[in-house]
Amino acid sequence: MRAGERAPDPLTVLAEGAVELQGRLPWSSNTTLLARVVLGDACVLAVYKPHRGERPLWDFPDRIYRREAAAWVLSEALGWAIVPPTVVREGPLGEGSLQLFVDADHEQHYFTIHDDETTHDQLRAVCAFDLVANNTDRKSGHVLLGRDGRVWAIDNALCFHPQPKLRTVIWEFAGEAVPEPLLADVARVAAAPPDALAGLLSAPEIDAFVTRARFLLDRGTFPDPDVSHRPYPWPLV
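Just so we're aligned: the sequence shown equals residues 0 to 236 in numbering that gives the first Met the number 0.
Honestly, I wouldn't trust all of these hints.
Said to hold, decoys possible - Each pair of labels, with its calculated beta carbon distance range:
1. Pro203 to Asp225: 16 to 24 Å
2. Leu10 to Val236: 23 to 31 Å
3. Asp104 to Gln162: 34 to 42 Å
4. Trp233 to Arg88: 17 to 25 Å
Derived from the structure by calculation, the hints contain no laboratory data.
Heads up, the beta-carbon is just placed ideally off N, CA and C, and yes, glycines get one too.
Turn these sequences into a full structure, and let the hints steer you where they fit.
And the structure:
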């Protein structure tokens, strides 16, 4: 890189860089790979989920990797920045999602992070996000604590189903009022969903997102678990 030149931002590196596979990440039901992405002198680590490595699901359509990108689009539109930068692009094993790898303390997960009350505002944002995105698989291990103290929500492929399917470990805030700043962000995005969602989700899925957002706005509180269906994922971590 020449003197005075600015390094490209991580999103640009993810979208335009050369993808070099480093190995498979363990404990994933679908093929999940660690990749090195290089653009000029810039380099980032990323999580690559190719379409060809997906297992078919009875209740979700093909190409669930696109929902990883849709979750990032929604997180950015809300202004919460809780989903790492994510793109859909071609990679060594074909099209898939490529998400910035989070430098996190992997001994920590939701249940341990919640023990620190200073993280609760960030966790409330993850909780509200999962409610409007209809997250079907928010395990404790899908909440990371970055080395900088920032909370991240990863593994968002099973979101945005048009039918109610919320399954999450985050129920500690049930009955609390949703903070007004979060509600204001939800109201803004529900009134004008990001155009980028149209290339990643179906029209009924976007309509269902708006309906869920409006329901949360009308309710104004975090809900209790719905015992009429299984409200927790498995395994929990």
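Cross-check of the supplied hints:
no., hint, verdict
1, Pro203 to Asp225: 16 to 24 Å, "holds (21 Å)"
2, Leu10 to Val236: 23 to 31 Å, "holds (30 Å)"
3, Asp104 to Gln162: 34 to 42 Å, "holds (35 Å)"
4, Trp233 to Arg88: 17 to 25 Å, "violated (32 Å)"
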